[in-house]
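Student: In the order they appear, the protein sequences are chains Z and U. Numbering of the first sequence is given in this note's numbering, commencing with residue 2 and proceeding in unit increments. Numbering of the second sequence is given in this note's numbering, commencing with residue 332 and proceeding in unit increments.
If you're looking for bench data, these hints aren't it; they were derived computationally from the structure. Hints should not be assumed to be uniformly reliable.
To be verified - What follows is a set of in silico ranges between Cβ atoms, one per label pair, in the way DEER data are often shown:
1. U:P439 x Z:G63: 20 to 28 Å
2. U:N357 x Z:Q9: 31 to 39 Å
3. U:P439 x Z:K113: 15 to 23 Å
4. Z:E16 x U:P439: 23 to 31 Å
5. U:T410 x Z:P98: 26 to 34 Å
6. U:S338 x Z:P42: 16 to 24 Å
Unchecked claim - In silico DMTMM-like pairs for lysine to aspartate or glutamate, Cα to Cα no more than 25 Å straight-line:
7. Z:K105 x U:E400
8. U:K402 x U:D385
9. Z:K105 x U:E346
In this text, all values refer to a predicted model and were calculated from it rather than measured experimentally. Idealized CB from N, CA, C, for every residue including glycine.
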Amino acid sequence: AQKVTQAQTEISVVEKEDVTLDCVYETRDTTYYLFWYKQPPSGELVFLIRRNSFDEQNEISGRYSWNFQKSTSSFNFTITASQVVDSAVYFCALSLPGRGGSEKLVFGKGMKLTVNP
Amino acid sequence: DGGITQSPKYLFRKEGQNVTLSCEQNLNHDAMYWYRQDPGQGLRLIYYSQIVNDFQKGDIAEGYSVSREKKESFPLTVTSAQKNPTAFYLCASSTRGPTGAATQYFGPGTRLTVL
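Just chain U, with the same shape it has in the complex (with noise of 0.2 Å):
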């Protein structure tokens, strides 16, 4: 089964924790996203990678890191420099398809809550 899998689904944080949120995809797909949605908000992007050791910042970068050690792995540090973490956290990747459009398909998503 092709997809994307995020872990864990709920993570807890405590003030001043850094925490790495997993996300995985056998979709072969060279791009990843990590996007962060709050309460009545759409996603903003935090981080995206093209390809493999190379990764952009987002819109919202301050207080995040990531690697892209393997093509299938992108994982989304939320380090204690981040003030406001608790959030709803999406994954997703694409690749170019034959009329040269993404499109981005979504993991199930971890929700963090800082205590």
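Next up, chain Z with everything else stripped away, as it sits in the complex (with noise of 0.2 Å):
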């Protein structure tokens, strides 16, 4: 069975302060998927990454940096210099690959994230 963990449920920063959300997941399968999901107090959630399996690369978009890493099963998120417009939840999830372009999203519990100024 698969299983994503988010092991912090709540954090608080001071605007400008870097961010680090964990997330570890579990999976016997070699090939699956992993993303990262903001939901904004609006109730939407907003894609940011998705990450292969097979791809350990880590990747950078402005002041968002995703740490993947299969030796230890967690798929990092940091945001550096946080503003008071990052605060949300943010959710992992792990899918696995499925037919005709449907794969079931495993999610995590979700972090909150408050950004004060």
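Both chains come to you apart, so use the hints to assemble them.
Tutor: As structure tokens, this is what we get:
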């Protein structure tokens, strides 16, 4: 069975601090996909990044960076110089290849980030 | 503008009533999904559909029903058999990309409250 664990439930930081959101996953499959989504107070989930299991390159996109390490089954997300607009709930998720373009996502419980001015 | 729409945004239901939540997408995606989110919890899959006229149960399908008569539409009915229906409901859609992976994109959600 697949499982995603986000051990931190809530983090509060002051603007301009760096913050890292942890994600640990479990799967016996060798091919899988990892995701991060952001859920602002409006409720809609916003897709941030997808990573394939065979691509361990770290990625940076502006103030966001992701560290994927298969050896520790982790896919951590770092926000550099946080801003108030980063305040949201962040979800890590895992999926396995499925038929016809559909793949079931298994979500962690989410981590609420509050960035204070 | 391509995207996923859900209606209504807020829905109130009396106990014993069935209600239907709408989900429409104009992204030409093949697959569509319904998730339920409870406070402080992650999302749990209710039903998903890979193609028109086909759908499968997710992890918490009891008390829910769906239909997929058109590619663009995947309505969810919350029946009176669902014992604890108050939750936030999110619809998503996806299609397989060139790398073989599918990314799910979500609608704005419907917040259902049972009175």
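Student: It remains to establish, for every hint, whether it holds in the given structure.
Tutor: Verification of the hints:
1. U:P439 x Z:G63: 20 to 28 Å: At 24 Å between Cβs, range holds.
2. U:N357 x Z:Q9: 31 to 39 Å: Check passed, 37 Å falls within 31 to 39 Å.
3. U:P439 x Z:K113: 15 to 23 Å: Check passed, 19 Å falls within 15 to 23 Å.
4. Z:E16 x U:P439: 23 to 31 Å: holds (27 Å)
5. U:T410 x Z:P98: 26 to 34 Å: holds (32 Å)
6. U:S338 x Z:P42: 16 to 24 Å: holds (20 Å)
7. Z:K105 x U:E400: holds (21 Å)
8. U:K402 x U:D385: Given pair U:K402, U:D385 holds - Cα atoms ~11 Å apart, limit 25 Å.
9. Z:K105 x U:E346: Between Z:K105 and U:E346 the Cα gap is close to 31 Å, so the pair fails against 25 Å, i.e. violated.
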